[in-house]
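Student: With the hints as extra help, turn the sequences into a complete structure.
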Amino acid sequence: MDFVIQWLWCLLAFVVGSVVAWLITVVSIRRTSKEEALADLPGSREIGAR
Amino acid sequence: MHDVNWWLMALSFVLGLLLTFAFTIRRVKREVPETAAFAGRGPGLRAEGAAAAGAAAAGGAAGAKFAGRERGPTSATEFAEVGESGPYGVGSARAAAGGSGPSGWTVKGNEDSMLYHTPESPSYAQTIAEVWFIDEESAERGGFTHWHERGRKR
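Protein sequence lines correspond, in order, to chains A and B. Residues in the first sequence are numbered consecutively from 163, following the numbering used here. Residues in the second sequence are numbered consecutively from 135, following the numbering used here.
Any given hint could turn out to be false.
Stated by the list, open to error - Partial chain A-side listing against chain B, Cβ under 7 Å, derived: (1) G179; (2) S180; (3) A201.
Derived from the structure by calculation, the hints contain no laboratory data. Keep in mind the model is a prediction, meaning the values are calculated, not measured. Beta carbons: idealized from backbone N, C-alpha and C, even for Gly.
Tutor: Here it is, written out as structure tokens:
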């Protein structure tokens, strides 16, 4: 039984770690649309045009 | 809670953190999706590309017209010529290599998103036009959607 409890605590720690990482990701990386991303590309429309 | 192995807990926490980062964050590769329509059309493209486009694409006439030149049309009169049978009908013109358009034409068309941007659009300045339209009606006729409409649909 002790082993299972240990294992559950480790699982909980893992989940908490994932949640923290996910929160950092969501806060620090801004969501952008496909169109905006393409418009942000420097000189994207010139490719293949020379 | 008194008999918990803290080292194992910390290890699990760090593992969860690192694995989640590994799956969610990736380096951005700055690439443009290469589609046949994008590569084959346009007035400023290489001669062989223009020849291929001339056979199939609707904008082929415009493409072939400027195939022999190094760059696309630059003067308003050249654009006016193209506008007669532009890639998206009357009132549309293919943008030059730098994305510039005929003077006085204010509506920018983006073929990837099929949206057209009027100067009121927040992304007007950063949009590099592939097609220019003389007015909004021409853009609508060409099958383009107003930049604001798409935003509301989402």
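Student: Could you run down the list of hints and mark each one as holding or not?
Tutor: Hints, one by one, checked against the model:
no.	hint	result
1	G179	3 Å, holds
2	S180	4 Å, holds
3	A201	5 Å, holds
The structure fails none of the hints (numbered hints given earlier).
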